[in-house]
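Given the sequences, and given the hints that come with them, work out the whole structure.
As you go down the protein sequences, you meet chains A and B in turn. So in the UniProt record's numbering, spot 288 of the first sequence is number 288, and the numbers just go up one at a time. So in the UniProt record's numbering, spot 39 of the second sequence is number 39, and the numbers just go up one at a time.
Worth flagging that the hints you see were computed from the coordinates, not collected in a lab. Treat the hints loosely; a few may be bogus.
[Unchecked claim] Chain A stretches covered by chain B per the calculated footprint, using a threshold of three residues with CB under 8 Å from any CB of chain B:
hint : segment
1    : 56-67
2    : 73-80
3    : 85-92
4    : 107-113
5    : 190-199
[Stated by the list, open to error] The following residues of chain A were derived to be distant from chain B, with all beta-carbon distances above 10 Å:
hint : residue
6    : Ala133
7    : Ile162
8    : Leu176
9    : Glu179
10   : Lys183
11   : His216
12   : His238
13   : Leu248
14   : Glu268
15   : Asp287
16   : Glu288
17   : Gly309
18   : Lys324
A virtual CB, placed ideally from N, CA and C, is assigned to each residue, including glycine.
Next come the chains, spelled out residue by residue.
Protein chains: 2
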Amino acid sequence: MKLATLKDGTRDGRLIVVKRDNSAYALATNVALTLQAALDDWDAKEPQLRALAQQLEAGAVQSRPLDVKALHAPLPRAYEWVDGSAYINHVLLVRKARNAEPPATLRTDPLVYQGGSGDFLAPTQDIPLRDEAWGLDFESEVCVVLGDTPMGTKAEDADKHIKLVMIANDVSLRNLIPEELAKGFGFFQSKPATAFGPFALTPDELGAAWKDGRVHLRMRSTLNGQLVGDADAGPEMHFSFRDLIQHLTRTRAFTAGTLLGSGTVSNEDRSRGISCLAERRMIETIDEGKPKTAFMKPGDTIEIEMLDGEGHSLFGRISQTVVKAP
Amino acid sequence: MKLATLKDGTRDGRLIVVKRDNSAYALATNVALTLQAALDDWDAKEPQLRALAQQLEAGAVQSRPLDVKALHAPLPRAYEWVDGSAYINHVLLVRKARNAEPPATLRTDPLVYQGGSGDFLAPTQDIPLRDEAWGLDFESEVCVVLGDTPMGTKAEDADKHIKLVMIANDVSLRNLIPEELAKGFGFFQSKPATAFGPFALTPDELGAAWKDGRVHLRMRSTLNGQLVGDADAGPEMHFSFRDLIQHLTRTRAFTAGTLLGSGTVSNEDRSRGISCLAERRMIETIDEGKPKTAFMKPGDTIEIEMLDGEGHSLFGRISQTVVKAP
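Below, the structure written as structure tokens:
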């Protein structure tokens, strides 16, 4: 089942079910007005939404052509956005880039941060940037939407709390990170609004690509029309979403609709390219002594999507342009 | 105007207006079902809620006796919980306690962290603790509820975005903080669910005590029946809520219902006592070479409230007991 949120002038938009080929949708507001409302009562709503999705595939319900520009993020605002950094190759490169040591517990204790979740960007929404010197970067990520997840959840029990899978652009302001982290309280100002891909899929839609709490698909990042990354999101995700959920719930519970991100998808094999510019800059520094790639500036565009084996865009395409903000 | 949220078995409870003396309430669900719904449409809802509050004071509307145990946190879940650390004395003591240097920008650049906001504790809800060794501490704080607050808001324009004032117990797990901060991604596991006081007040309810973006009232913390802190929340709040809002909005916007905390209220004058145990332990270390006060353990209770000049509990009382959790 593939869900999305149609802009309708309200804060949370309207829930729609999307055809598997992304061509059309049916309003799901008879089942639940919003995606958050569906998640709040998932056990009751999921079967009804699945029935509607089947009707849509069969042409047995009124449908309309889908325009990605008419979509919000699946959750335009959420109660929590917790983002991991589960790809070891990314952690090593980015820490090296800012002359910071990787944590001693790199491979045993997951890295996660609490992100802002009140005001997300839509899949095709411009990225506002007040100061080019802040070093705007994209980060192509996979994420999952949790149902109610109790404190003390174990990794082996985590799958049942994963309701949906999405993709994200975890926009970062690289040049603000060092001064923010030096204060010891996390990334705050260096993580502006995050954008999410158009469609939220139930894990079963991924078939065999959803395995061991990981998404075994390729994450394609296209910068200014040029494919810069085609990384496998599966095997090198050192901590799976199961592991991350166990980590998250050590000291508290999470409510339905919590978003949990993988961190930047990253492969050791350099031929797979990059899912953020910080990695390319670090590789340039290693190879040539200094970075030559600039961070993003107004006018630059980033497109992010995941294709299945037949080349279909499973989650739809994030397509954003940086614009100067006042 | 004094607002609160009645438990009714739903996730967000039901909005009520509370009498100024805390004795009775009237259901506000004819105006807005929930506090978040009221905040989402504040310009329209605020005058209607104020009218209801006036009727309640005048005995012109049906009211019921108020039992604080029947209340949720005013927002049982929120879209963001951003907590500052605006009392310099607290920063200095707590950093000293964990042998960490205060940041070089201590007095010029506010400290804020992004907290979890999906699952808050009610004012009288037990604090679940899975492991006593984690070092559970209370933190008595003031906080404000924001309306929609755009990116780039200046301190001098910030007041209009502050819709409500509340108090909070920003529960902390002191012994998990060093290892979490060492990883560089913030407090994550060391900040379990936060509790909030029963009542959310419009700033005008504070009269002259609401001044320069600060709450000039005393924050009383009572541990196991003994008053341990009676600190003035006003003058030593180095960064006002106005300053914090300017800091927050540097790189992104915030949605209505965002919660912004002051950090632990703290005074240089030791006779005012403490608003968290970490401070007392540091003072003991300075005076006697080592801390002798233990962190909280199952069975311990903490009560937090703010009194006005006549001794009335403005925001109601947070009253929580630590319980062993599985």
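Looking at the structure, which of the earlier hints fail to hold?
Hints 1, 3, 8, 9, 10, 13 are the ones this structure does not satisfy, whereas the remaining hints hold.
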